[in-house]
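Sequence lines, in order, name chains W and P.
Per numbering that gives the first Met the number 0: the first sequence = residues 0 to 371.
Per numbering that gives the first Met the number 0: the second sequence = residues 0 to 160.
Hints in this document: simulated from the structure, not taken from any laboratory.
Accuracy of the hints is not assured; some may be wrong.
[What the hints assert, rightly or not] Taking lysine-lysine and the DSS-like style, the derived pairs with C-alpha atoms no more than 25 angstroms apart in a straight line are:
1. P:Lys-41 - W:Lys-41
2. W:Lys-41 - W:Lys-95
3. W:Lys-95 - P:Lys-41
4. W:Lys-82 - W:Lys-41
5. P:Lys-40 - W:Lys-82
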Amino acid sequence: MITIYRLFQIIMSIVLSVFVLYLLIGYAGDYAGVGRSGARQKTINVFLQDVDNVYLSGNPVNFTGFSRDDYTSCHPRPTKPPKLWCFMEDRGYESKQLLVPVFTRLGNDVLITRSSLDLGWTRLDYVEALTGMTVVFNPTENDDDTWNLIKDIAAGFPDTSGHYPKTFFDFCDGSSLLIEDAAGAPYERREFLGIIDTNRDALSVCAAPLSHNHVLVTLSPSCSQGFANSGICVSPPANGVGHAYITGCPGNYVYKDPADLAALIIGGDGRDVFGDCVGGETWEFKNQLMLGSLGTAAGFMERRCGILKQLSETRDECRARYQDFESSMAAIGDLAGSDPYDISAMTSLRAELDNARAVWDSLVNMGCESRV
Amino acid sequence: MKAQSSIMEYLLLSVFILLMIMSLIFFLAWWQSSQFGLEQKKLKDQRVDVLMNRFINSPLFVTENSVFDDSKLQAIQSLRQDACQDLESMFGGDWFITIEVLNQHPGENIGECTASNYPDCGYWEMCGQGERNVSRVLPVNVYRKAEDRNDLALLTVGVYS
Numbered sequence: 000m001i002t003i004y005r006l007f008q009i010i011m012s013i014v015l016s017v018f019v020l021y022l023l024i025g026y027a028g029d030y031a032g033v034g035r036s037g038a039r040q041k042t043i044n045v046f047l048q049d050v051d052n053v054y055l056s057g058n059p060v061n062f063t064g065f066s067r068d069d070y071t072s073c074h075p076r077p078t079k080p081p082k083l084w085c086f087m088e089d090r091g092y093e094s095k096q097l098l099v100p101v102f103t104r105l106g107n108d109v110l111i112t113r114s115s116l117d118l119g120w121t122r123l124d125y126v127e128a129l130t131g132m133t134v135v136f137n138p139t140e141n142d143d144d145t146w147n148l149i150k151d152i153a154a155g156f157p158d159t160s161g162h163y164p165k166t167f168f169d170f171c172d173g174s175s176l177l178i179e180d181a182a183g184a185p186y187e188r189r190e191f192l193g194i195i196d197t198n199r200d201a202l203s204v205c206a207a208p209l210s211h212n213h214v215l216v217t218l219s220p221s222c223s224q225g226f227a228n229s230g231i232c233v234s235p236p237a238n239g240v241g242h243a244y245i246t247g248c249p250g251n252y253v254y255k256d257p258a259d260l261a262a263l264i265i266g267g268d269g270r271d272v273f274g275d276c277v278g279g280e281t282w283e284f285k286n287q288l289m290l291g292s293l294g295t296a297a298g299f300m301e302r303r304c305g306i307l308k309q310l311s312e313t314r315d316e317c318r319a320r321y322q323d324f325e326s327s328m329a330a331i332g333d334l335a336g337s338d339p340y341d342i343s344a345m346t347s348l349r350a351e352l353d354n355a356r357a358v359w360d361s362l363v364n365m366g367c368e369s370r371v
Numbered sequence: 000m001k002a003q004s005s006i007m008e009y010l011l012l013s014v015f016i017l018l019m020i021m022s023l024i025f026f027l028a029w030w031q032s033s034q035f036g037l038e039q040k041k042l043k044d045q046r047v048d049v050l051m052n053r054f055i056n057s058p059l060f061v062t063e064n065s066v067f068d069d070s071k072l073q074a075i076q077s078l079r080q081d082a083c084q085d086l087e088s089m090f091g092g093d094w095f096i097t098i099e100v101l102n103q104h105p106g107e108n109i110g111e112c113t114a115s116n117y118p119d120c121g122y123w124e125m126c127g128q129g130e131r132n133v134s135r136v137l138p139v140n141v142y143r144k145a146e147d148r149n150d151l152a153l154l155t156v157g158v159y160s
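Work out the full structure, taking the sequences as your base and the hints as a guide.
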């Protein structure tokens with residue numbers, strides 16, 4: 000017959016075991032959840048460290064950290080301050096403040112490279128973090144403006160020769176893609192720019208089936224909302240500035256340099272979990288950072304010109320050009336604060352940047368300055 | 000009596016096991032927080048290194064890698080807090096840099112640069128806030144625009160807590 004003491008032992012053991020198990024399982028569950036979130040946040044932080052390193056050094060880096068996670072979207076958002084925002088499984092993850100312009104099209108394997116906008120008197124760098132993709136051009140007109148625009152767009156992407164994953168370029172004519180090398184693959188940037196002048200022709204509107212790794216870029220003076228079947232529609236530039244449209248997204252996006260078009264194309268016509276257009280968000284982020292940097296650089300240069308004009312060692316012919324350059328910097332500083340959607344302001348900005356480049360070149364040729 | 004002492008033993012053993020488990024949990028929490036502190040220090044060190052690399056390469060400050068332009072430094076320093084706010088949007092906040100020319104030429108001054116003594120000076124400081132924290136020092140060159148020569152200097156980059 001069971002004694003009272005034995006019964007007490009059994010009941011006490013059960014109560015204590017349940018209590019201990021409850022503590023341990025609860026703690027382990029919390030810890031596992033925190034650990035998983037921490038690991039994903041760490042992946043984003045390490046990715047951004049690689050972005051910083053590439054921005055500084057210019058040396059391409061291959062990043063595979065995202066292969067461990069299944070994420071829905073990951074792109075920069077033009078918040079205040081701007082941040083990289085990723086959505087993995089059922090949670091969102093924000094990065095620290097983004098100080099470096101980075102355009103992302105992420106996957107299991109990502110190549111991080113640096114490109115530059117050379118303005119003559121300064122340089123604005125930006126980083127592209129791309130998984131394998133193909134930019135498919137569909138020019139509906141056969142003129143110099145269209146083909147020069149194609150060259151500018153291609154030049155804004157990295158040359159992935161000797162690196163992986165690849166960025167390819169192709170043409171679409173009606174229902175077929177045109178370029179194939181001996182292995183049946185489209186061309187990388189170097190080969191593409193090499194054949195572009197020998198194959199000029201207006202093409203039919205693209206109706207070819209495209210995978211999610213293809214981004215269609217339609218070039219037409221008739222570009223508007225809904226003109227293209229997918230991707231980006233780019234109208235020809237006037238004085239270096241033009242409009243671009245993202246299929247399925249509202250908004251006329253103004254481009255004034257290759258980085259604007261790169262941001263729109265890399266972002267693409269997809270939407271994030273908030274329903275925002277990724278290409279549009281990337282373009283706004285690009286202008287938030289790079290117009291800000293441009294304004295700062297112009298402000299500093301304007302003050303520098305004022306100082307150099309006063310120096311007794313400055314030659315008279317240099318002094319006169321510094322006066323012109325100072326005026327140009329003042330105008331650029333003002334225009335850099337304009338709305339990037341305002342095409343007349345961006346046209347004026349582009350004109351002032353071209354003027355500043357010409358004045359700077361004359362300063363260099365006169366021996367007043369050295370090349371940046 | 001014997002039964003009571005057995006119960007007491009059992010209870011004491013249970014309490015002891017519970018105490019061990021709670022100690023383990025507290026130890027793990029303490030370990031996490033100490034690792035967190037070390038991680039913060041490491042991040043600060045990394046930030047100083049990144050800032051240093053960015054400054055010695057940025058066209059805002061240099062004519063070429065590690066060669067600062069004294070006229071650019073003078074322009075930025077003369078704008079004071081306005082320049083700091085603009086630079087914070089590009090480089091983040093809570094940092095300072097100083098550039099100190101080391102080789103003094105006969106008849107020249109290498110004291111702090113102001114609006115009235117440039118280019119006869121050799122020290123620039125930007126975004127200083129007072130007490131310093133983590134910092135690094137690197138030898139660099141300063142291109143003297145007026146004299147058209149390079150001078151040796153020390154770049155100090157620091158991050159506040």
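Structure-inconsistent hints, enumerated in ascending order: The structure breaks none of the hints.
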